[in-house]
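Novice: The task is simple: from the sequences and hints, build the whole structure.
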Amino acid sequence: MDGRAADLSTMIYFNWLDYLVFGAMLMLSALIGVYFAFFAPKKQNTTAEYLMGGKTMGLFPISMSLIASYISGITLLGLPAEMYTYGTQFYMVVASEWAVSLTVGFIYLPVFYNLQITSTYEYLRLRFNSTVRLFGTIIFILKLMLYIPIVIYVPALAFSQVTGVNLHLISPIVCVVCIFYTTLGGLKAVVWTDTLQIVLMYFGVIFVLVYGTWKIGGVAKVIELNEKGDRLEFFNMNPDPTIRHTFWSTVFGNYFGWLASCSVNHAMVQRCLALSSLKRAFITVMILAVGVSTIVTLCCSTGLVIYATFASCDPLLTGAIKKSDQLLPYFVMTLTGAIPALPGIFMSGVFSAALSTMSTGLNSMCGVIFEDLIRPAIKRPISEKNASLIMKLIVVVVGFLCVALVFIVEHIGALIQAGKSLDGITSGTLLGLFTMGLFIPWATAKGALAGGIFSISLMSWICMGTLSNVLRGEIVFVPKPISVEGCPANTTFITETRVIDDKIDSSGTFFLYRLSYLYYTLVGMVVCVVVGTIVSFLTGPNDPTMVHRDLLTPVIYRWLPKQHPLCRKPRLQSEELVLKRIQSLQRKGVETKKDSEDILYQ
15 MDGRAADLST MIYFNWLDYL VFGAMLMLSA LIGVYFAFFA PKKQNTTAEY LMGGKTMGLF
75 PISMSLIASY ISGITLLGLP AEMYTYGTQF YMVVASEWAV SLTVGFIYLP VFYNLQITST
135 YEYLRLRFNS TVRLFGTIIF ILKLMLYIPI VIYVPALAFS QVTGVNLHLI SPIVCVVCIF
195 YTTLGGLKAV VWTDTLQIVL MYFGVIFVLV YGTWKIGGVA KVIELNEKGD RLEFFNMNPD
255 PTIRHTFWST VFGNYFGWLA SCSVNHAMVQ RCLALSSLKR AFITVMILAV GVSTIVTLCC
315 STGLVIYATF ASCDPLLTGA IKKSDQLLPY FVMTLTGAIP ALPGIFMSGV FSAALSTMST
375 GLNSMCGVIF EDLIRPAIKR PISEKNASLI MKLIVVVVGF LCVALVFIVE HIGALIQAGK
435 SLDGITSGTL LGLFTMGLFI PWATAKGALA GGIFSISLMS WICMGTLSNV LRGEIVFVPK
495 PISVEGCPAN TTFITETRVI DDKIDSSGTF FLYRLSYLYY TLVGMVVCVV VGTIVSFLTG
555 PNDPTMVHRD LLTPVIYRWL PKQHPLCRKP RLQSEELVLK RIQSLQRKGV ETKKDSEDIL
615 YQ
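Reading the sequence shown from the start, the letters are residues 15 to 616 in our numbering.
Worth flagging that the hints you see were computed from the coordinates, not collected in a lab. Cβ atoms here follow ideal geometry from the backbone N, Cα and C, with glycine treated the same way.
Using C-beta positions, here's what the derived DEER-type ranges look like:
hint : residue 1 : residue 2 : range
1    : 231       : 411       : 48 to 54 angstroms
2    : 555       : 213       : 49 to 55 angstroms
3    : 569       : 74        : 28 to 34 angstroms
4    : 571       : 490       : 46 to 52 angstroms
5    : 242       : 213       : 35 to 41 angstroms
6    : 144       : 308       : 37 to 43 angstroms
7    : 569       : 487       : 44 to 50 angstroms
8    : 213       : 395       : 37 to 43 angstroms
9    : 130       : 400       : 20 to 26 angstroms
10   : 495       : 421       : 30 to 36 angstroms
11   : 34        : 568       : 50 to 56 angstroms
Specialist: This is the structure in structure tokens:
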């Protein structure tokens with residue numbers, strides 16, 4: 015990496031102060047885990063404390079943790095690269111994020127909060143059966159195993175850019191710190207480290223944005239250069255679903271992708287249930303919308319500033335960087351690298367985004383694997399001490415497995431598209447399963463399982479087929495124009511020009527392979543619900559009067575038939591009430607607890 019760029023020819027690397035700042039962030043994160051493991055008034059040695067924070071967490075740390083967990087390095091690095099390469103159409107996703115928060119607050123969250131379940135996928139057992147629960151759990155684990163390695167790879171790539179350190183060396187080091195505090199401190203450590211890390215994220219992004227805008231000549235100059243470079247595009251109203259980004263795909267298509275990430279995501283539900291009331295949980299969901307919309311706006315604006323800076327001399331063509339996802343760290347080091355400690359703060363923010371997402375994922379997977387796979391498989395009761403040890407072991411094993419998968423991630427393309435495409439394989443199926451359970455009382459376990467299997471099979475085929483066609487060059491995503499006219503006379507280019515014909519004809523490629531990746535979740539959900547409903551009616555639908563109201567979203571109550579007397583019981587507020595009702599059913603002739611649970615919830 016020789017750092018050749020227009021008027022920014024000297025690449026500045028980390029100095030000792032930057033390393034000190036970066037090391038301090040890692041040390042503080044580790045110490046938070048140590049505190050909650052050994053010095054906190056309530057140590058994380060029970061399932062409730064380790065997974066749910068004892069359900070006594072405050073509104074502020076939970077809100078900050080949620081924002082941090084949804085802001086990954088993909089956001090911080092991928093969004094500026096998206097603006098630079100393809101323009102601003104993707105920014106319209108912020109509109110759907112607000113709509114999703116309202117949907118979650120009024121439709122999905124009340125059900126999960128009233129049930130007070132430890133694992134989100136326990137709902138699938140209550141609504142359908144244990145097989146559907148197992149299927150949903152496996153999909154969730156697959157989803158995170160595809161996503162977390164990308165989250166790890168992103169900051170390692172950026173760190174390599176600003177230090178020259180091999181990304182495969184820094185990845186394990188930083189991940190060990192994340193695994194350490196997640197293992198020791200449980201949910202409380204994850205939440206409070208997220209709170210620390212969100213401050214670093216915002217500070218780093220805001221400072222770089224403001225300083226970069228000032229250096230280029232102000233907001234008006236940034237807008238002028240981006241308009242000249244054809245970057246400003248918000249209302250591409252073309253209804254063609256095969257166009258990568260349009261107003262419809264970024265607003266309507268992304269709505270379902272974001273809904274899947276928020277409504278049925280175990281990490282989201284886990285944090286909301288850690289609060290003391292449903293009202294506080296709803297407030298947290300709305301704060302999440304504010305936080306995510308703000309950081310998306312800041313990151314997209316930074317992308318415009320980066321383009322304005324390099325508008326006349328593209329760093330990819332000069333060989334200064336190898337991937338567009340390195341644009342932001344390169345911009346930071348060339349423009350602000352001389353400011354003491356700023357590069358260290360910036361990299362701390364990028365790694366904080368990754369650490370928060372990874373720690374959230376590990377803690378969520380730990381709870382799901384333990385509650386949905388291990389506990390049901392062990393016939394005898396598990397002591398709290400043994401449960402705590404098992405969960406910590408799960409975090410360690412899964413964490414190091416994710417680190418190993420980074421070697422595969424580095425060979426995929428642009429981060430925004432890669433992350434959302436892989437997420438689309440599983441998100442639509444999960445959203446479909448839960449939506450079917452909440453909205454369609456006639457749906458059965460057979461229908462849910464059939465719909466889920468068909469959906470994930472179809473989406474895997476579409477995603478893999480698209481990736482294969484992209485690698486063969488049969489599908490090309492046309493970038494916005496770039497220029498090297500302003501590069502210094504002695505600049506050496508790695509290629510003479512980057513010419514991509516914007517009239518490339520991909521019409522011969524199968525339609526679904528050309529479908530915008532932002533529609534993947536929508537397609538997966540619709541297929542799951544439609545197939546599941548059809549199979550349910552073909553095999554004998556549920557009697558809706560026998561489906562307990564606690565398992566259905568409140569918005570459909572007015573259209574439901576009158577409940578069977580067996581289901582006219584108070585809402586499930588505690589395990590004690592559940593046991594009492596089960597015992598009552600057993601006295602009426604039901605032989606086992608499992609059988610009575612099936613009758614109780616079917």
